[in-house]
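Participant: All chains, please: the whole structure from these sequences, using the hints.
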Amino acid sequence: MICSSPLFLDSSLFLSYAACSSLLLKMVTPQSLFTLFGVYGDVQRVKILFNKKDSALIQMADMNQAQLAMSHLNGQKMYSKIIRVTMSKHQTVQLPRDGLDDQGLTKDFTNSPLHRFKKPGSKNFQNIFPSSATLHLSNIPQDITEEDLRVLFSNSGGTVKAFKFFQDHKMALIQMTTIEEAIQCLIDLHNYNMGNNHHLKVSFSKSTI
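Read left to right, the sequence shown gives residues -18 to -1, 1 to 191 (mature numbering (1 follows the signal peptide of the UniProt record, and there is no 0)).
Fair warning: there could be bad hints in the mix.
Claimed, not checked - Distance windows between CB atoms, simulated: (1) Asn93 <-> Met9: 22 to 32 angstroms; (2) Gly177 <-> Pro95: 11 to 21 angstroms; (3) Asn33 <-> His151: 41 to 51 angstroms; (4) Leu77 <-> Phe99: 33 to 43 angstroms; (5) Phe148 <-> Ser53: 22 to 32 angstroms; (6) Asp84 <-> Phe148: 35 to 45 angstroms; (7) Lys152 <-> Phe99: 37 to 47 angstroms; (8) Phe111 <-> Ile64: 15 to 25 angstroms.
Stated by the list, open to error - Think about it this way: if two alpha-carbon atoms lie no more than 35 angstroms apart in a straight line, the pair counts; the simulated DSBU-like pairs of lysine-lysine are: (9) Lys59 <-> Lys34; (10) Lys143 <-> Lys188; (11) Lys35 <-> Lys71; (12) Lys105 <-> Lys71; (13) Lys152 <-> Lys105; (14) Lys146 <-> Lys35; (15) Lys71 <-> Lys101; (16) Lys63 <-> Lys105; (17) Lys34 <-> Lys146; (18) Lys63 <-> Lys143; (19) Lys101 <-> Lys183; (20) Lys152 <-> Lys183; (21) Lys35 <-> Lys152; (22) Lys100 <-> Lys152; (23) Lys59 <-> Lys146; (24) Lys152 <-> Lys89; (25) Lys35 <-> Lys63; (26) Lys100 <-> Lys63; (27) Lys89 <-> Lys71; (28) Lys146 <-> Lys100; (29) Lys89 <-> Lys100; (30) Lys143 <-> Lys71.
FYI, nobody ran anything at the bench for these hints, they're computed from the structure.
The structure presented is a predicted model; accordingly, all values stated were derived computationally and were not measured.
Even glycine gets a Cβ: it sits at the ideal position worked out from N, Cα and C.
Facilitator: So this is what it looks like as structure tokens:
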């Protein structure tokens, strides 16, 4: 897959950087790549290549975000296949021409409300960690129990090894058996609607349980 990251030095300049990896075909969508790579930066556009669907271009907001994504995701497993992430020669991800059906392989996320880093000084900047088997959960409704969360994460195809609520029960740590399982859970459950407009926030944790 390829991550491309235009870096705007000022209003008139930009440089491009990128990244690339091989993926298992059918389950990979622009949305799943947006969610995973969005842990490390604000994904602008994603294109799964029409004639090479085990590869994709991912455009990040800037060079630093592309490098973070590459360093933390290269060599990890996604859908049972190791992904390879490298810098790309492409400056930007091109959108399909008007009227051209690309089967949903290209998506523009520029104005997505799910960007983690669009607010200057956001606490999310302080919570960027390598992929790990332990996930940090936040925005948990008060009526959700440990058992509810164990079942939810088990239903993503993994096994929950350990769980720990923070004192206020709005946050928790959940440990899966492998990093691959944690990646799958993050893709499936970040922004999951827990009811009453509580959308679960999922990220990798530096802590273990």
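Participant: Taking only the CA atoms, is the gap from Lys100 to Lys152 under or equal to 35 angstroms?
Facilitator: Answer holds: Lys100 to Lys152 is near 23 angstroms, not above 35 angstroms.
Participant: Regarding Asn93 and Met9, is the given constraint of 22 to 32 angstroms on their beta-carbon distance met?
Facilitator: 26 angstroms, holds
Participant: When you check the alpha-carbon spacing of Lys63 and Lys143, does it fall within 35 angstroms?
Facilitator: 23 angstroms, holds
Participant: Assess, step by step, whether the Cα of Lys89 is no farther than 35 angstroms from the Cα of Lys71, and give holds or violated.
Facilitator: Within the cut-off at roughly 20 angstroms; holds.
Participant: Holds or violated: 37 to 47 angstroms for the Cβ distance of Lys152 and Phe99?
Facilitator: With a Cβ separation near 21 angstroms, Lys152 and Phe99 fall outside 37 to 47 angstroms, so the hint is violated.
Participant: Does the Cβ distance between Asp84 and Phe148 fall inside 35 to 45 angstroms?
Facilitator: For Asp84 and Phe148 the Cβ distance comes to about 43 angstroms; the hint holds.
Participant: Under the criterion that the straight-line Cα-Cα distance not exceed 35 angstroms, is the pair Lys152, Lys105 satisfied?
Facilitator: Judged against 35 angstroms, a Cα distance of about 16 angstroms means the pair holds.
Participant: What's the verdict on Lys146 and Lys100, does the C-alpha distance respect the 35 angstroms limit or exceed it?
Facilitator: Holds, because 29 angstroms separates the two Cα atoms, which is no more than 35 angstroms.
Participant: Decide if the proposed pair is consistent with the structure: Lys152 and Lys183, CA atoms, cutoff 35 angstroms inclusive.
Facilitator: Roughly 11 angstroms separates the two Cα atoms, so the pair holds.
Participant: Would you mind confirming whether the straight-line C-alpha gap from Lys143 to Lys188 stays at or under 35 angstroms?
Facilitator: Status holds; Cα separation ~16 angstroms.
Participant: Given the hint that Lys35 pairs with Lys63, test it: the Cα-Cα distance must not exceed 35 angstroms.
Facilitator: Holds - the C-alpha atoms of Lys63 and Lys35 are around 14 angstroms apart, at most 35 angstroms.
Participant: Is the distance from the Cβ of Phe148 to the Cβ of Ser53 consistent with 22 to 32 angstroms?
Facilitator: At roughly 28 angstroms between Cβ atoms, Ser53 and Phe148 fall inside 22 to 32 angstroms, so the hint holds.
This entry does not satisfy hints 4, 7, 14, 17, 21, 30, going by the numbered hints stated previously.
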